[in-house]
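Given next are the chains, with one letter for each unit.
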Amino acid sequence: MKNSILFAALMAVASAALPAPAAQHIEFWTFSMKPRFTPYFEDVVKRYEAANPGVQVEWVDFPWDIIQTKLVTRIVAGKPPALVNLNVPWAEEFARDGLLTPVDALLGAERARYLPSALQDLSFSGKTYGFPMYSNVAVIAYNREIFRATGIARAPRDLDEQLTFARQIAQRTGKAGLCPALSKVDGLMLQQGLPVLSGGRAVFNSPAHVAFVRKLADTYRAGGLLKDGLFAEDNFPPAVEAYKSGRLGMLLAPPTALKRIQSDARDIYSITEVAPAPLGPTGIADGGWLIHFGVPARVPAADLPGIGKFARFLTSDENQLKFARQASVFPASARAANDPFFTALPANAGAAEKAVAAGAVSMPHSRTMYVAGIEDYDELRRALVKAVEAGVTGRQDIQQALDAAVAIWNRKLSGFLAVREAR
Amino acid sequence: MKRSLAAWLFLAPALLLLAVFAFWPVLFGSVLAFTDFSLVRPAHWVGFDNFRYIFNNEMFVTGLKNSLVFLLIVPCVQLGAIALAVAVNNRLPGIRLFRAAYYVPVVTTVSVVGIMWGFMFHEQGALNYLLGTHIGWLQDDTFALAAIMFVTLWRGLGWYMVMYLAALQSVPQEMQEAAILDGASRWQRFWHITVPMLRPTIMVCTILSVLGALKAYQEVDVLTQGGPMNSTFTALYYAYDQGLKHLKLPRALAASFIVSLVCIGIALLCLRHLKPKHR
Numbered sequence: 029m030k031n032s033i034l035f036a037a038l039m040a041v042a043s044a045a046l047p048a049p050a051a052q053h054i055e056f057w058t059f060s061m062k063p064r065f066t067p068y069f070e071d072v073v074k075r076y077e078a079a080n081p082g083v084q085v086e087w088v089d090f091p092w093d094i095i096q097t098k099l100v101t102r103i104v105a106g107k108p109p110a111l112v113n114l115n116v117p118w119a120e121e122f123a124r125d126g127l128l129t130p131v132d133a134l135l136g137a138e139r140a141r142y143l144p145s146a147l148q149d150l151s152f153s154g155k156t157y158g159f160p161m162y163s164n165v166a167v168i169a170y171n172r173e174i175f176r177a178t179g180i181a182r183a184p185r186d187l188d189e190q191l192t193f194a195r196q197i198a199q200r201t202g203k204a205g206l207c208p209a210l211s212k213v214d215g216l217m218l219q220q221g222l223p224v225l226s227g228g229r230a231v232f233n234s235p236a237h238v239a240f241v242r243k244l245a246d247t248y249r250a251g252g253l254l255k256d257g258l259f260a261e262d263n264f265p266p267a268v269e270a271y272k273s274g275r276l277g278m279l280l281a282p283p284t285a286l287k288r289i290q291s292d293a294r295d296i297y298s299i300t301e302v303a304p305a306p307l308g309p310t311g312i313a314d315g316g317w318l319i320h321f322g323v324p325a326r327v328p329a330a331d332l333p334g335i336g337k338f339a340r341f342l343t344s345d346e347n348q349l350k351f352a353r354q355a356s357v358f359p360a361s362a363r364a365a366n367d368p369f370f371t372a373l374p375a376n377a378g379a380a381e382k383a384v385a386a387g388a389v390s391m392p393h394s395r396t397m398y399v400a401g402i403e404d405y406d407e408l409r410r411a412l413v414k415a416v417e418a419g420v421t422g423r424q425d426i427q428q429a430l431d432a433a434v435a436i437w438n439r440k441l442s443g444f445l446a447v448r449e450a451r
Numbered sequence: 004m005k006r007s008l009a010a011w012l013f014l015a016p017a018l019l020l021l022a023v024f025a026f027w028p029v030l031f032g033s034v035l036a037f038t039d040f041s042l043v044r045p046a047h048w049v050g051f052d053n054f055r056y057i058f059n060n061e062m063f064v065t066g067l068k069n070s071l072v073f074l075l076i077v078p079c080v081q082l083g084a085i086a087l088a089v090a091v092n093n094r095l096p097g098i099r100l101f102r103a104a105y106y107v108p109v110v111t112t113v114s115v116v117g118i119m120w121g122f123m124f125h126e127q128g129a130l131n132y133l134l135g136t137h138i139g140w141l142q143d144d145t146f147a148l149a150a151i152m153f154v155t156l157w158r159g160l161g162w163y164m165v166m167y168l169a170a171l172q173s174v175p176q177e178m179q180e181a182a183i184l185d186g187a188s189r190w191q192r193f194w195h196i197t198v199p200m201l202r203p204t205i206m207v208c209t210i211l212s213v214l215g216a217l218k219a220y221q222e223v224d225v226l227t228q229g230g231p232m233n234s235t236f237t238a239l240y241y242a243y244d245q246g247l248k249h250l251k252l253p254r255a256l257a258a259s260f261i262v263s264l265v266c267i268g269i270a271l272l273c274l275r276h277l278k279p280k281h282r
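Sequence order for the protein chains is P and E.
Counting in my numbering, the first sequence runs from 29 upward without gaps.
Counting in my numbering, the second sequence runs from 4 upward without gaps.
Please note that a few of the clues may not be correct.
[To be verified] Dumping the calculated DSS-like pairs for lysine-lysine here, alpha-carbon to alpha-carbon at most 27 Å:
id, chain 1, residue 1, chain 2, residue 2
1, P, Lys212, P, Lys272
2, P, Lys98, P, Lys337
3, P, Lys62, P, Lys107
4, P, Lys212, P, Lys440
5, P, Lys212, P, Lys287
6, E, Lys278, P, Lys255
7, P, Lys382, P, Lys440
8, P, Lys243, P, Lys255
9, P, Lys62, E, Lys248
10, P, Lys203, P, Lys255
11, P, Lys98, E, Lys218
12, P, Lys287, P, Lys155
13, P, Lys107, E, Lys248
14, P, Lys98, E, Lys248
15, P, Lys74, P, Lys337
16, P, Lys155, P, Lys203
17, P, Lys272, P, Lys382
18, P, Lys212, E, Lys248
19, E, Lys248, P, Lys440
20, P, Lys272, P, Lys203
21, E, Lys5, P, Lys440
22, P, Lys203, P, Lys287
[Said to hold, decoys possible] Some chain E residues well away from chain P (every beta-carbon gap over 10 Å; in silico):
id, residue
23, Leu12
24, Leu42
25, Val89
26, Gly139
27, Ile269
28, Lys278
[Stated by the list, open to error] Short derived list, chain P residues pointing at chain E, Cβ under 8 Å:
id, residue
29, Thr101
30, Ile103
31, Val104
32, Arg124
33, Pro130
34, Glu261
35, Phe264
36, Ile296
37, Lys414
38, Glu417
39, Arg423
Everything labelled a hint here was simulated from the structure, so no lab data went into it.
Computed from a predicted model, the values in this text were never measured in an experiment.
Positions of the beta carbon are idealized from the N, C-alpha and C atoms, including for glycine.
Just chain P, with the same shape it has in the complex (with noise of 0.2 Å):
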């Protein structure tokens, strides 16, 4: 008896010695925020879970390139994270196969706090699949003495001026003038108002298609485009490396670029000059890219209002501002993006100053480009870009290349046309 009660006495000390057990756990991932951002997101946490009680957030970070199958094994094991970072590709191919959950009844009446841009951007099929929360854009950084030394006084203003000025910069200074993500052709070519797919079929062999291919031809027969990596699935390293080393005259890059030459190339940086990228014929800005928090499939239905309120507090104004601030890139909420830090210009402001002012003025005309609800799109870009790269190196005759690729896309479109319709 004595010892039945000396046991319940230490079981209810036990008892209340552990803490209670949290009322919603709250998972949430990100990707390579780490280390930069653990400071912010380590704030984030802390701040929700003291005006939250009984709420556990935690926050994990991966690299980017294995997020979507770690995410994927999640799902599939029934244990996905509340949210996840995403950007709108994948969004897109997720939403399409059933892995992520519509949010339109999450954002409720804080959808008018978004970008009406950003919230289009995440829109498939009739419902929106993600908080939005920073976007970037494509600034011009120019080398202003490979500039002079070329005879050129101002930026470009469209495409055709960005290759004129990069055949001129290679003639006058043997320098490559510009290095274009080639092997994301297929949205340069939306973004200057020339179509991919039109009625199910691909159509970019047409003449203005061809046209467009021979202008890069000539330039990077002329020596104007950087040969490293102008074709790889990520060219940005070769192209800052060879802007922060003088062998470039133009960068289109985000205004984070700008950080990094500053830190790396004080030199290259202080000749540098900043203007808006060029808006394309159908007034879209180059290098538009959001980044959101989507919800996966299988999330509890009754944890989702808990997960919405968290998403939206994780997609505040005043924490999409602060992120934003931090990271130089651009909100996705309307107030956010107005704050006087992304539309005036401080008095010494130096080139990273003045591409986030740049890229503010580009941000309202910045859409993710890319061919969407396509299933094996990523095959099909790589025929695309290799025809481009058979184009522009001249291995082979442009018209040929692009009709090759058109045939292969029209195959493949065709069998994929015949899936759709027999489900």
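With chain P held as given, fit chain E onto it using these hints.
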């Protein structure tokens, strides 16, 4: 009977681990190569559809051809490794330093190798400086595959050198001495004594390097990611690209299955032709 039971008992722990982590996944993966599935969709039998798909896919066909071209490095690696092993099998001052130096590429991580050779092969890199040329070795589809093969060869030399060095040091000295007394020249001793004694090692090293060449993909990933114009795709890089980058697992498994068949076939050929005739 008792002896063989004891042998099986000694082998059992390793066999069990192999069964769980190698034999079963290989068998299961081979079966899955004949199905269609995704991580969220259960598998259903599709027969040879995945194989038809990959053999109609330019990237895989190019990759398979390139993997076979990669076999050209096998004789180069073997001859180079034997030559290096003979060279460092001397009692010269500082010879250990050379042995270590030749082994360094083996222990250098592939990412570091990628960065280093990326600089070397750059249009304004060391190689063009030395040759007085202006070639984008990794950007030009004429040279890119050869450049990657060279890096694979460079990484493999040290490993095989160590194996040949061990074999050389086990060649009985008395045989060499007897041959010297019989008036054999250095070349005759090498050809008639050393090479036959090395034959089992040559066989093992050749099979290993054949398998290594057919399974090359890391160098491709760090140097070109299959470009320019898909010219450096290898069969296994295609499998890696489809399976781990794009989560198209059935295609990746079908490609891996084909690579395995080719590996087994060529390894059997090597076994047949390089097996020591007598010991």
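Status of the hints after comparison with the structure:
Pair hint Lys212(P) plus Lys272(P) holds up; C-alpha atoms about 23 Å apart against a cutoff of 27 Å. Of the supplied pair hints, the one linking Lys98(P) and Lys337(P) holds, its CA atoms being roughly 24 Å apart against a limit of 27 Å. Proposed proximity of Lys62(P) and Lys107(P) is supported: the alpha carbons are some 23 Å apart, at most 27 Å. About 20 Å separates the Cα atoms of Lys212(P) and Lys440(P), which keeps this hinted pair within 27 Å; it holds.
A distance of roughly 24 Å separates the Cα atoms of Lys212(P) and Lys287(P); the hinted pair therefore holds under the 27 Å criterion. Pair hint Lys278(E) plus Lys255(P) does not hold up; C-alpha atoms about 48 Å apart against a cutoff of 27 Å. Simply put, Lys382(P) and Lys440(P) have alpha-carbon atoms about 45 Å apart, too far for the 27 Å limit, and the pair is violated. Restraint check: the Cα-Cα separation between Lys243(P) and Lys255(P) comes to about 16 Å, which is no more than 27 Å; the hinted pair holds.
Restraint check for Lys62(P) and Lys248(E): satisfied, since their Cα atoms lie roughly 22 Å apart, inside the 27 Å limit. Taking the CA atoms of Lys203(P) and Lys255(P), the gap is about 11 Å. The hint holds against a cut of 27 Å. Distance check on the hinted pair: Lys98(P) and Lys218(E) sit about 25 Å apart at the alpha-carbon level, within 27 Å; holds. Distance restraint check for Lys287(P) and Lys155(P): the Cα-Cα separation of roughly 37 Å exceeds the 27 Å cut-off, and the hinted pair is therefore not satisfied.
Straight-line distance between C-alpha atoms of Lys107(P) and Lys248(E) comes to about 22 Å, which keeps the hinted pair within the 27 Å bound. Using a Cα cut-off of 27 Å, the hinted pair Lys98(P) and Lys248(E) holds, with the two alpha carbons roughly 12 Å apart. For the hint linking Lys74(P) to Lys337(P), the alpha-carbon distance of about 15 Å falls within 27 Å, and the restraint holds. Proximity of Lys155(P) to Lys203(P) is assessed by CA-CA distance (about 48 Å); at most 27 Å being required, the pair is judged violated.
Taking the CA atoms of Lys272(P) and Lys382(P), the gap is near 18 Å; set against the 27 Å cutoff, the hint holds. Proximity of Lys212(P) to Lys248(E) is assessed by CA-CA distance (about 17 Å); at most 27 Å being required, the pair is judged to hold. Between Lys248(E) and Lys440(P) the CA atoms are separated by roughly 20 Å; this keeps the pair inside 27 Å, and the hint holds. About 13 Å separates the Cα atoms of Lys272(P) and Lys203(P), which keeps this hinted pair within 27 Å; it holds.
Of the supplied pair hints, the one linking Lys5(E) and Lys440(P) is violated, its CA atoms being roughly 62 Å apart against a limit of 27 Å. A distance of roughly 23 Å separates the Cα atoms of Lys203(P) and Lys287(P); the hinted pair therefore holds under the 27 Å criterion. Remark: the non-interface label on Leu12(E) is consistent with the geometry, its nearest Cβ contact in chain P lying 38 Å away (cut-off 10 Å). Not every beta carbon of chain P lies more than 10 Å from that of Leu42(E), the smallest distance being close to 5 Å; the non-interface claim is violated.
The non-interface label for Val89(E) is consistent with chain P: the shortest C-beta to C-beta separation is roughly 40 Å, beyond 10 Å. With a cut of 10 Å on Cβ distances, Gly139(E) falls inside the contact zone with chain P, its closest approach being about 5 Å. Its beta-carbon lying about 29 Å from the closest one in chain P, Ile269(E) satisfies the requirement of being farther than 10 Å from that chain. With a closest Cβ-Cβ approach of about 43 Å to chain P, Lys278(E) is found to remain outside the 10 Å limit, as its non-interface label requires.
Taking 8 Å as the C-beta contact cut-off toward chain E, the hint placing Thr101(P) at the interface holds, the least distance being around 7 Å. A distance limit of 8 Å between C-beta atoms decides the matter here; for Ile103(P) the minimum to chain E is near 7 Å, and the interface restraint holds. Proximity of Val104(P) to chain E holds as hinted, the smallest CB-CB distance being about 5 Å (cut-off 8 Å). This hint is violated: Arg124(P) has a C-beta 12 Å from the nearest C-beta of chain E, more than the 8 Å allowed.
Look at Pro130(P): its Cβ only gets to about 17 Å from chain E, farther than 8 Å, so that hint breaks. Below 8 Å, beta-carbon pairs count as interface contacts, and Glu261(P) has one with chain E at about 6 Å; its hint therefore holds. Annotation: Phe264(P) was flagged as interfacial toward chain E, and the flag is violated, the nearest CB pair being 14 Å apart, outside 8 Å. Because the beta carbon of Ile296(P) sits about 17 Å from the nearest beta carbon in chain E, more than 8 Å, this interface hint is broken.
For the restraint placing Lys414(P) at the interface with chain E, the shortest Cβ-Cβ distance is roughly 5 Å, inside the 8 Å limit, so the hint holds. Of the supplied interface hints, the one on Glu417(P) holds, with its beta-carbon coming within about 5 Å of a beta-carbon of chain E, less than 8 Å. Using the Cβ-Cβ criterion of 8 Å, the hint placing Arg423(P) at the interface with chain E is satisfied: the shortest such distance is roughly 7 Å.
Of the numbered hints given earlier, the model fails hints 6, 7, 12, 16, 21, 24, 26, 32, 33, 35, 36; all others are met.
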